[in-house]
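**Q** Chain by chain, the residues:
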Amino acid sequence: MTENGSIQISNGNKKTPKKFPMVERFLEGWSVYKENLIGKIGLTLLIIFALMALCSFFPPMIDPMYHPMTGVDPLISHSTSPSWRHWLGTDFIGRDIFCQLLAGARIAFMVGISAAFMSILLGTAIGMIAGYSRKIVDTLLMRLADMIMVMPTLLVVLILSSLFGQLNIWTIVLLIALFRWPGVSRVIRAQTLSLKERPFIEAAKVAGASHFRIIFRHIMPNVLPLSLLYMTFRVTSAIIIEAALAFLGFGDPSTVSWGMMLQWVWKTGHMFQAPYWLLPPGICISLLTLSFYMLGRAMEEVLDPRLRKEVAQE
Amino acid sequence: MKRKLLLFSQIFIILLLLLSCGKQQDHRFLKIGLHEEPKTLNIWLASDANSKKILSLIYQPLYLRDPETLNLIPWLADGEPKYHPDTISYTVRLKPAKWSDGSDVTSKDVAFTAAIIKEFRVPRYYSSWKFIKKIETPDNHTVRFYLEKPKAIFLTRTLTSSIVSTKEWSDIAQAARTKQKPLIALINHKIEKPMGCGPFVIKKWHRGTYVHLQKNRYFFGLGQDIGGRILGPYVNDLLFKVYGTADVAVLALKKGSIDMFLWGIQPGYIDDLKRQKNIRIFYSKKSAVYFMGFNLRSLPFSDVSLRRAIAVLIDKEFIISRILQNYGTRMDSIVPPGNKYWFCSDVPRYGEGMNRNDRIKTAYHILQKAGYTWETPPVDGSGRVVPGKGIRLPNGQLMEKFTILTPPADYDPLRAMSGMMIQEWLRAFGMPALSRPMAFGALLTQIKGRHEFDAFILGYGRLSMDPDYLRNFFLSANDKERGWNISGYKNPEFDHLAEKSTSEMNRELRKKLIFKMQKIIMRDVPYIPIYDPALIEAVRKDTFTDWVETLDGIGNLWSFCLVKPNPDKTGQKNF
Amino acid sequence: MEIRKFVFKRLIEIFVIFFVILTVLFLLFRLAPGDPVTRMVDPTMTPEDAAHLIAQLGLDQPIWLQYIYYLKNFFTGNFGISFHYGVAVLSIILNRLPNTILLFSTSIVLSAFAGIFLGKIASWHKGKKIDTWMTLGALICHTLFLPWLALIMIWIFGFHVGWFPLNGMITPEIWLDSSSGFWLKFLDIAHHMVLPLATLFLIHFGSYLLLMRSSMLDTLKEDYILTARAKGLTEKVIRNHHAAPNAALPVVTSVGISLAFSLSGGALTETVFSWPGIGRELVFAVSNSDYPLAQASFLLIATVVLISNLVVDVLYAYLDPRIKY
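Residue numbers (numbering that gives the first Met the number 0), protein chains in the order written: chain A, 0 to 313; chain B, 0 to 574; chain C, 0 to 324.
Treat the hints as calculated values from the structure; they're not laboratory data. Small disclaimer: the values here were computed from a predicted structure and weren't measured. Virtual Cβ for every residue (Gly too), placed ideally from N, Cα, C. A portion of the hints provided could be inaccurate.
[Stated by the list, open to error] Examples of chain C residues toward chain A, derived with CB under 10 Å: (1) 96; (2) 97; (3) 136; (4) 142; (5) 143; (6) 148; (7) 159; (8) 160; (9) 197.
[What the hints assert, rightly or not] Capping the alpha-carbon separation at 30 Å, the derived lysine-lysine pairs in DSSO-like fashion look like this: (10) 134/A x 71/C; (11) 195/A x 184/C; (12) 134/A x 184/C; (13) 8/C x 192/B; (14) 189/B x 4/C; (15) 71/C x 214/B; (16) 184/C x 3/B.
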């Protein structure tokens, strides 16, 4: 089991690399995906959040008082409960909570996808190189991966944040990516190892293709679906780590993320008085995490025919 | 087996729930809530407010401020200090007093305190003692301080410094001397039970949770009339309980688990607390200043006209009524108005009483006269106020984007919010302002350490009563790395007045100098003082009475010496 | 013996990793911008005072010399003096460690047991309503945001219902009363432990449940289960005595693997509940720029993670005859 709790059925996971063009595979995958209830729920939730993130640009354009960070209501300067003016009420200095929630969705997607993307990039590259290279390089890289994987990412980023004094949101994203690639690289490496022995690789080698070309032209397309699968799991952990950091007070003070909102409600002493402020951010984080997880699980079934058979039998 | 397990767990749960019903209390504890755990009981290391507060109940100074008049009155000392101008020395007599182990407090202890501070160069204390040439102790109750030169802060800072006992510290000092890093050895020495002559002594410090103090029966003020008050302490036990968040502490106050919370309460709680029958709310002035500072070392803020214009544009009334929710006062000088003796009211009051349009027009005229131009001036040809755009410096350059650094919103919402408002006001005027919250430690490094900033919003929450900080903040010589002159203000006239004020022993003459200094600073506004927040504290009415109100709140030494159990209560409490 | 060689090799690796972390921490902390003295805002501390303090703290010596002292101190058990508390870092860690161990181990054991037990049941009733509900419940619990869950717990059970204390580990009034007996103090701690324990439990048991469930489903397909059925053993016996112990194996090892995740969660829980443990101390140390304490706390956590991974691997090898090293 990986750190974010996704279930990996990893014994005997043999995949036959498909040689069909990408589009056909995508359509085929989609038809399987459609059958899956969990996947559908997950996707729906995700779309809702994505819409929230997109909508976050509109409120400040309607009225500057709806700006999540600097929006000040001329009439309200403390925390109030939901009203027509402010759908989820206001925070301790009169800012609109609903707008903060929307901005938080935008930040969550940004952080999650960037961090995941970067860690996948790193993990896939390293995994492929490790699987393909000689024993020494392989062992070294995997040991490094092990070392990084066991470290509690949150605590590492915490320590690092104390050194830099203040973390900017992109620094946080980079740090998360730097500590999350090992999980991916292991799987990619395993896949690469099994692919390495395949005839078509042999053929390429005989034809005189360089290692570089082999890795990127032949191996990568076949491991890519696996990478993408793992990306969904990476997204959830990135979002959670950023939220936890912001919650503890080590986030970027000039971004409004859900974790930051929770920190505000906690530290300004409104925990007991303002459920309209306490509940939404936490619910959003949990639901977004859940939706990515569902997406990931459904994609797993798409990519692993063995799991699919289980579905049919049920 | 399973059934037994079930039964056992059921009994366990019932017991747990019973615990929540509370326990009857027999003795009368005064329970104070703390926001953070005190760092240490070693007086030389104690830099945080909570450690200092607890230690102030134990170690005592020679003179203390009267809560009403704020004048210094003899505390451990007996009578006023006598000045001898020919030798530049002061004679102070001591009251008969004992340390908490029963031994006498003598003049030798005073001399010893000075010697330790000077020998080890203890930070935070050294500056108040280093100009003392020598100390004579003609008899056990007389001390004579010889100063190198007249120093005004001798009366206000040295004489209000805590005195420690030779018995407690001489061995520790001796051991520290032998180490490679004597100061570190001294300040890191673990003190479990500090020995003082104050109203209380430490009974036990359970790290992370509470500090328990008990009445010191050797307290020299016990039953004595000092400053017109008969002192106690009238409580036997003090319990300081540590709460992580204000939320929980306020709840504890409402439930009765604590009698007082030693930390300002945010205005957001007031409405709820006002409704409680058993809670009384105190509003005190603070000796504090919250201000906007500039970096005078480079453009654009090296121009005094720009700073004055910004001073006009800042709507202090708005900040106080909206952000502080009226729990604060407007500040027009670096010295807070609560510091009645030293506060100069005859200073320029930028933008006072103006509405938004007047502010913009006034600021516009100031800058126009100084040679600033706009792409779109905030005041158009017909005298109407419009959103300004693209301000240009007198030299024709477009004003570059500048940052106003503030602490993060959760650290201090007031400052963060003020920063945001000021950003908006300046932007409407055409200035490219950006208010940026920054983690507090990093913020300090940036502005104090590296001097890499444009403007910032900071505050000093605990200014001393002696206005020597005015000199510290603006003396040219203090413009160095980690120096106190953060803005880079350099004015020889000010320097001259400041130096004179440190050696002026005559209070009235010194006051004139301090007033002049304030006028100069407010004319040049390297800092724009904005607000002085009121300190809001809440106590339970039903358990203890006779809290003493003074500048900086009711959690002062006088309160602890005078607070009495409410005779109506029969002594039952919950957690 | 194979295992012995394996353990030995791993111990060497752990030592190397530890050393690397030690050095990296040292470099990072020394080269970081700012120093703890800058944070002391008191206007009465002059720059000369500050310079004096820095010199005394040894922060002005050349880096390589500081490194030598650093290593020497470390291996003689001197983890430095905390900048914030002014006492030996070791004493603070020893003071906080038991509290963390108490909370943490109890929560892991409880959630593992519950996960195994409930996962077993869920797998047995696969496809039926009870399975769906359990799986859904586990999934939802697992994706809850831990600090938020902690706040909700305090809000509902501490504030509204009032059954449990709002934070901390002990009630001062009970502990400073010399007449309080051992059992009263024990119950007091247990009383304070309920909410943080419940929070950790909810977050973790879900994943164990799901893992046990799928593990059971796999195990039940194994050949030896068919054999047992053929032998005529009852389903109950098969389930509890043959399948479950083997299915529980991956769960047990996953406890070790997900330790890093649990430790992060532990630090968050301790912070919200003001539970005086190592995790909370680490967070405080980081926010106070108390480098010695932050360093030592982190190293302690890293060591625990490395050692427990080793233990898990050994355990796995020991218990599962199929694995060979």
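**Q** The structure should be examined with respect to each hint, and the outcome stated for every one.
**A** Do the hints match the structure? See the list:
1. Of the supplied interface hints, the one on residue 96/C is violated, with its beta-carbon coming no nearer than about 16 Å to a beta-carbon of chain A, more than 10 Å.
2. About 20 Å separates the beta-carbon of residue 97/C from the nearest beta-carbon of chain A, more than 10 Å, and the hint is not met.
3. Here the hint on residue 136/C is broken, as its CB sits about 12 Å from the closest CB of chain A, past 10 Å.
4. The restraint placing residue 142/C at the interface with chain A holds, with a minimum CB-CB distance near 4 Å, inside the 10 Å limit.
5. The interface hint given for residue 143/C is met, as the beta carbon of that residue sits about 5 Å from the closest beta carbon of chain A, less than 10 Å.
6. With its C-beta approaching chain A no nearer than about 7 Å, residue 148/C sits inside the 10 Å limit, and its interface hint holds.
7. Contact between residue 159/C and chain A, as hinted, is supported at the beta carbon level, the nearest pair being about 9 Å apart and thus within 10 Å.
8. Interface restraint check for residue 160/C: the shortest CB-CB distance to chain A comes to about 13 Å, outside 10 Å, so the restraint is violated.
9. Proximity of residue 197/C to chain A is violated relative to the hint, the smallest CB-CB distance being about 16 Å (cut-off 10 Å).
10. Of the supplied pair hints, the one linking residue 134/A and residue 71/C is violated, its CA atoms being roughly 36 Å apart against a limit of 30 Å.
11. Between residue 195/A and residue 184/C, the direct Cα distance comes to roughly 63 Å. Violation of the 30 Å bound is thereby established for this hinted pair.
12. The straight-line distance between the Cα atoms of residue 134/A and residue 184/C is roughly 57 Å, outside the 30 Å bound, and the hint therefore fails.
13. Annotation: proposed proximity of residue 8/C to residue 192/B is violated, straight-line Cα distance about 50 Å (limit 30 Å).
14. For the suggested pair residue 189/B and residue 4/C, the alpha carbons sit about 46 Å apart, so the restraint of at most 30 Å is broken.
15. For the hint linking residue 71/C to residue 214/B, the alpha-carbon distance of about 46 Å lies beyond 30 Å, and the restraint is violated.
16. Restraint check for residue 184/C and residue 3/B: satisfied, since their Cα atoms lie roughly 24 Å apart, inside the 30 Å limit.
Of the numbered hints stated above, those contradicted by the structure are hints 1, 2, 3, 8, 9, 10, 11, 12, 13, 14, 15, listed in ascending order.
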